[in-house]
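Chemist: Sequence:
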Amino acid sequence: MHVESVGSGAPLLLIHGWGMHGGVWNDVAQKLSANFRVLSVDLPGYGFSKTEMEVVEKRASAMDTIVGELSACITESITVCGWSLGGQIAMRWATQEPHKVKRLILIASTPCFVELENWPFGMKKNILEKFASELEQNLVTTLRRFITLQLRGSENEKELLLMLRESIFSRGEPDISALRDGLNILRDLDLRDELEDITQPTLVIAGERDKLTTPQASHYLAQAIPSANLVEIKGAAHAPFMSHPDEFVKHVKRFLHE
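Per the numbering used here: the sequence shown = residues 1 to 258.
Hint data in this document are derived by calculation from the structure and do not stem from the laboratory. One or more of the hints may lead you astray.
[Stated by the list, open to error] Cβ pair distances, simulated, as ranges:
1. G235 to E97: 34 to 40 Å
2. D190 to T75: 29 to 35 Å
3. G9 to N118: 39 to 45 Å
4. V6 to K130: 34 to 40 Å
5. L116 to S61: 17 to 23 Å
6. G235 to V6: 24 to 30 Å
7. T148 to N26: 17 to 23 Å
8. T75 to T148: 35 to 41 Å
[Unchecked claim] Distance condition first, Cα-Cα at most 20 Å in a straight line; then the derived SDA-like pairs of lysine to any residue:
9. K50 to S61
10. K102 to V114
11. K102 to A10
12. K211 to K253
13. K50 to S71
14. K102 to T199
15. K253 to V231
16. K250 to R180
17. K211 to K250
18. K211 to K102
19. K50 to P201
20. K102 to P11
21. K211 to R145
22. K125 to K31
23. K211 to L230
24. K31 to G9
Don't be surprised by glycine CBs; every beta carbon is placed ideally from N, CA and C.
Can you build the whole structure from these sequences, using the hints too?
Modeler: Put into structure tokens, the structure is as follows:
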């Protein structure tokens, strides 16, 4: 698993979302490095990390595989910051290894990505299934379309879209198996019953204009996790750390210095 480190001090691990890689954190990682040792990871099958099929076959699920590889890679107690799918991974890791996950920062994340009868704050399942079908036909086009959805409605939307389109394949194309696994996690995972088991201090950061994981999902997280606080960044969509990096860094520093 590829991990990049910058700065010194208390460790802070950054976990990217579906279809991306650790390079999406470059700007805020540099800003945070003045106060923390910032680690940005490429999840298995993304960026410079390669999927080891033997490991995948031995574990019960794609989520177990990812959490297991993160745990093997990170040997110290650490603050974990996850974006979108990365937030779901962080939450599951926090419940499985509370001795290792010291604090949580959840960005534009949700306990349940798809809409259910008793969960109105998710994406319709048929839309996600359409993404999965399109992925098999054209990986590049599907990822570019997903980027557009993430940034829709954000301040500086055009500039952010150009920046992400230039950087998304800068570490090569992600493995299609990893992309499939990620979509399956988003389709099937429902963490609502596990939230009360997250005992770590938690900062939930929402984008006011997020269309993928709505602010209502973040409000739910903040209420259901016992030691959570919520920040909603005005003018931001699904990537507030990219659209409003200075405000994002301010909130993270304040939380970690409490």
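Chemist: Quick check: does the Cβ-Cβ distance between T75 and T148 fall within 35 to 41 Å?
Modeler: For T148 against T75, whose Cβ atoms are near 38 Å apart, the range 35 to 41 Å holds.
Chemist: With a cut-off of 20 Å on the C-alpha distance, tell me whether K125 and K31 pass.
Modeler: With Cα atoms ~37 Å apart, K125 and K31 exceed 20 Å; violated.
Chemist: Is 34 to 40 Å a correct range for the gap between the Cβ atoms of G235 and E97?
Modeler: 36 Å, holds
Chemist: For a C-alpha distance cap of 20 Å, please report whether K211 and K250 respect it.
Modeler: At roughly 24 Å apart (the allowed maximum being 20 Å), K250 and K211 break the hint.
Chemist: With the threshold set at 20 Å, check whether the alpha-carbon distance from K102 to V114 stays at or below it.
Modeler: 28 Å, violated
Chemist: Check whether the Cα positions of K102 and T199 lie no farther apart than 20 Å.
Modeler: The given pair, whose Cα atoms are some 9 Å apart, holds under the 20 Å limit.
Chemist: Measure nothing beyond the straight line between the CA atoms of K50 and S71; if it is 20 Å or shorter, mark the hint as holding.
Modeler: 16 Å, holds
Chemist: Within a Cα-Cα threshold of 20 Å, do K50 and P201 meet the stated pairing?
Modeler: Not OK: K50 and P201 at ~32 Å, beyond 20 Å, violated.
Chemist: Quick one, are K50 and S61 close enough, alpha carbons at most 20 Å?
Modeler: Since the Cα atoms of K50 and S61 sit roughly 17 Å apart, the hinted pair holds (cutoff 20 Å).
Chemist: Are K211 and R145 close enough, with their CA atoms no more than 20 Å apart?
Modeler: 14 Å, holds
Chemist: Checking one constraint from the list: CA of K211 to CA of L230, max 20 Å. Satisfied?
Modeler: With Cα atoms ~18 Å apart, K211 and L230 stay inside 20 Å; holds.
Chemist: Given the hint that K211 pairs with K102, does the C-alpha gap stay at or below 20 Å?
Modeler: 30 Å, violated
Comparing the model with each earlier hint shows violations of hints 10, 12, 16, 17, 18, 19 and 22; every other hint is respected.
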